[in-house]
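S.K.: Those protein sequences? They're chains A and B, same order as listed. When we follow numbering that gives the first Met the number 0, the leftmost residue of the first sequence carries the number 0, and every step to the right adds one. When we follow numbering that gives the first Met the number 0, the leftmost residue of the second sequence carries the number 0, and every step to the right adds one.
Please note that a few of the clues may not be correct.
As the list claims (entries may be wrong) - Reference listing, derived: stretches of chain B covered by chain A, where coverage requires no fewer than 3 residues with Cβ under 8 angstroms from a Cβ of chain A:
1) 280-290
2) 393-405
As the list claims (entries may be wrong) - If we take Cβ atoms under 7 angstroms as the criterion, some of the chain A residues that face chain B in the derived model are:
3) Val185
4) Ala260
5) Ala264
6) Ala274
7) Asn282
8) Leu358
In case anyone wonders, no lab produced these hints; they're calculated from the structure. We treat Cβ as the ideally placed atom computed from N, Cα and C, and that holds for glycine.
These are the residues of each chain, in order.
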Amino acid sequence: MNFDFSEEQKLLQQTARDYLTEHGGLDVCRAVLESGGGYSAPLWKGAAEMGWLGAAVPESYGGAGFGRLELALLAQEVGRALAPIPFGSSVYLATEALLEFGSEDQKKRYLPRLASGECIGTFALAEGAGRSGLSGFATKLSGGALRGEKLPVSDAGIAGLAVVAATGDAGPELALVELDASGITVDAIDSIDPSRGLARVRFDGAPAEALERGRGEAALAHLLDRAAVLTAFEQIGGAERALEETKAFTLGRYAFGRPVASFQAIKHRLADLYAAIQLATSNAYYGAWALSTGDAELGTAACGARVAACEAFDLAGEEIIQMHGGVGFTWEYDCHLFYRRAKYLSLTLGTPGEWRERLITRLEQGA
Amino acid sequence: MDFNDTPEEAAFRKEAYDWLSANAEELAPGKKRRGSLTEADDALVRESKAWQAKKADARWACITWPEEFGGRGASSIQNVIFNQEEAKFDVPPNVFSIGQGMLAPTIMAHGTDEQKQKYIEPILRADQVWCQLFSEPAAGSDLAGLRTTAVKDGDDWIVNGQKIWTTGAHFSDYGMVVTRTDPTAKKHAGITYFIVDMKSPGIDIRPIHQINGSKDFNEVFFSDVRIPDANRVGAVNDGWRGAITTLMNERAAIGAGGGGGVGMADLLRLARETQWGDRPALEDASVRARIADFYWKLKGLEYTGYRALTSLSRGQTPGPENSIGKMVGAPLRQEMAAFAMELQGAAGATADPDVTFGRAGFQGAWLGAPGLRLAGGTDEILHNILAERVLGLPGEPRIDKDLAFQDVPTGGVR
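Produce the complete structure using the sequences and hints provided.
M.R.: Now the structure itself:
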């Protein structure tokens, strides 16, 4: 039994944590949140230089040639820092889509630029309110042109490349679009987490190509599974940090003559939060194992990892404010950074409700 | 990251399997082992004793014990591997786990050489069954509030009081009992730990009738029971230390359990086979969402167990994450059982094995669930333990800490 990361992998994680402690404090997140710039360009450059953006990209395409286990631990650190960078959009989604479904030519064209951070990638799925599903998109890909509207699209304002879930001539397809091409309008939309930008993207016959093997519901589902596992690690990192911040505050804050953290009303809730994070971590580990080995259980494992991580980080985001009391509701305190990021992450890759439904569907199919 | 044995573990697994297959029948797939500790009768106890003796002869009983006590100094992961292999065979349940898992380690740590000589081997070979006499009607979560007294009389101690929740007292030869020997000392400082012969005059054992109909536990009354001073474990008034050793081993044993009761496969089958109007309940969105949540929580506990095994495999102590098992698992089982009953509608209120889905297994699990949430540390105590020992949060202020035990408020109960 070896259900854990290796010492080398943990060392890589520690290096990332050290780097982000120095260069990615919560003040960096707050600066983006308050300026509305969409991301921290210096931190993005740093992440590229550290080799994180191409962590799972083979060296022949300009990456570091690690695997998904390493990438998962990097995601956890990015989450811990609430790093205001388009890591998920570019790495778990655009890069993973190219690695899994791109032709040799497509990989050669885009992977080196994604790995170096020169080009930011993103993924466009939702088309307004409601559940997205895996097919029936109003956005159409036909004759090399894309038409339709996606809303919201994460990081579209800063991205150069988008993978778009569209309806092709024979069903759902993953389309590859360069966002500076003609026939594309990107309008920024206010986000519940302004440290992560959202936009409305209109395609009016924009030049696009299908990812070579990105056809059918299965391809889209597979991409979402991969991203769900990696995002789960990011969520767990954020939840762990929120628990630590809450613990430190309640230990230092005195009421009725003793630390607030000594009251069972607080202790038991923190114990529950800890348990939620552990359940999420164990599910995410299993997802990482399935992701890294290509095991057929990735489908159910990703669902478990996704729902558990959404539950844990959302709970952490709520509890950090509640346990700080009134100051937790002030703009100056960082609690709302967690509250916002948690909800942003649980809404933008298919809601927990969608993933619960997907899980049961898969259990039915497996039975 | 993988789920495989190391080469050494694989070799040990084969050695264990080879011995087991030469000495027991392998279970057919899907077939469960017989009986359990709590429902043991005389026949099962006899069978269990014979199997233990066979294992002891080949040094496959209590394998983590040091060789001088008849074990093989095995590691924790080897113990897990042996248990996994043994579970594949049709062997009687171990009704000696309290003596072997909790009490013998206490004697090894705190007993005299004479006590070790006299008691350890019979426990190993299961010649004797032991029980644990700790909890009292007014000392459960607050065990150190115990009031059973022991008063010195020559070379003996005279014990009076009542113990409760004693598993297997009715077929035990010996018990480990913690008593109050100095009520003028602070509560943890006036406790003494003894070995008691359960056939001693003055011991009265009465079964407890539980809400689920079972009688797994007993009340044990002590009326002027004489215990020789030679049976004292540790120094007079220093028994709390021994109690802690026993309890640490109890938590390790309970933590290693898990599973059982309400399973995901049963719940899915129920939801598929139960009609809600003109369609299976499993097609209802609210049912799907609830079952999905049960799934990831159960899997989360299972995979957390894998993480603990990984620590054991590396020769480390399982991390604090392992402490969530019972705290999360017990209320989860209750919630699942209640949900399964609700799926059945009014028929959920039936508990007739011949009528009710799954031979009324969910109803049985639901009636047993409150006990799981109380035994071996209540939900509330487990939250405290996790908050204090894992998260490092401070304890509640204690008003009984610096008082003589006799001055601790009791709400009038003495």
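S.K.: When the nearest CB of chain B is found for Val185(A), is that gap smaller than 7 angstroms?
M.R.: Not OK, violated: Val185(A) not within 7 angstroms of chain B, min 35 angstroms.
S.K.: Can you confirm whether chain A covers the region 280-290 of chain B, using C-beta to C-beta distances below 8 angstroms and requiring at least three such residues?
M.R.: Holds: 5 residues of the region 280-290 of chain B have a Cβ under 8 angstroms from chain A.
S.K.: Double-check Leu358(A) for me: the hint is only fine if its C-beta lies closer than 7 angstroms to a C-beta in chain B.
M.R.: With Cβ-Cβ at 5 angstroms, under 7 angstroms, it holds.
S.K.: Is the interface hint satisfied for Ala264(A)? The criterion is a beta-carbon contact with chain B at less than 7 angstroms.
M.R.: This hint is violated: Ala264(A) lies away from chain B, its Cβ roughly 11 angstroms from the closest one there, beyond 7 angstroms.
S.K.: Establish whether the coverage given for the region 393-405 of chain B by chain A is satisfied; the threshold is a Cβ-Cβ distance below 8 angstroms, and no fewer than three residues must meet it.
M.R.: Coverage by chain A holds here, the residue count being 4 at a Cβ distance below 8 angstroms.
S.K.: Hint Ala260(A) vs chain B: min CB-CB distance below 7 angstroms?
M.R.: Since the shortest Cβ distance to chain B is 5 angstroms, the answer is holds.
S.K.: Let me know if the C-beta of Ala274(A) comes in closer than 7 angstroms to any C-beta of chain B, holds or violated.
M.R.: 4 angstroms, holds
S.K.: Is the interface hint satisfied for Asn282(A)? The criterion is a beta-carbon contact with chain B at less than 7 angstroms.
M.R.: Since the shortest Cβ distance to chain B is 5 angstroms, the answer is holds.
When the structure is compared with the earlier hints, violations turn up for hints 3, 5 and for no others.
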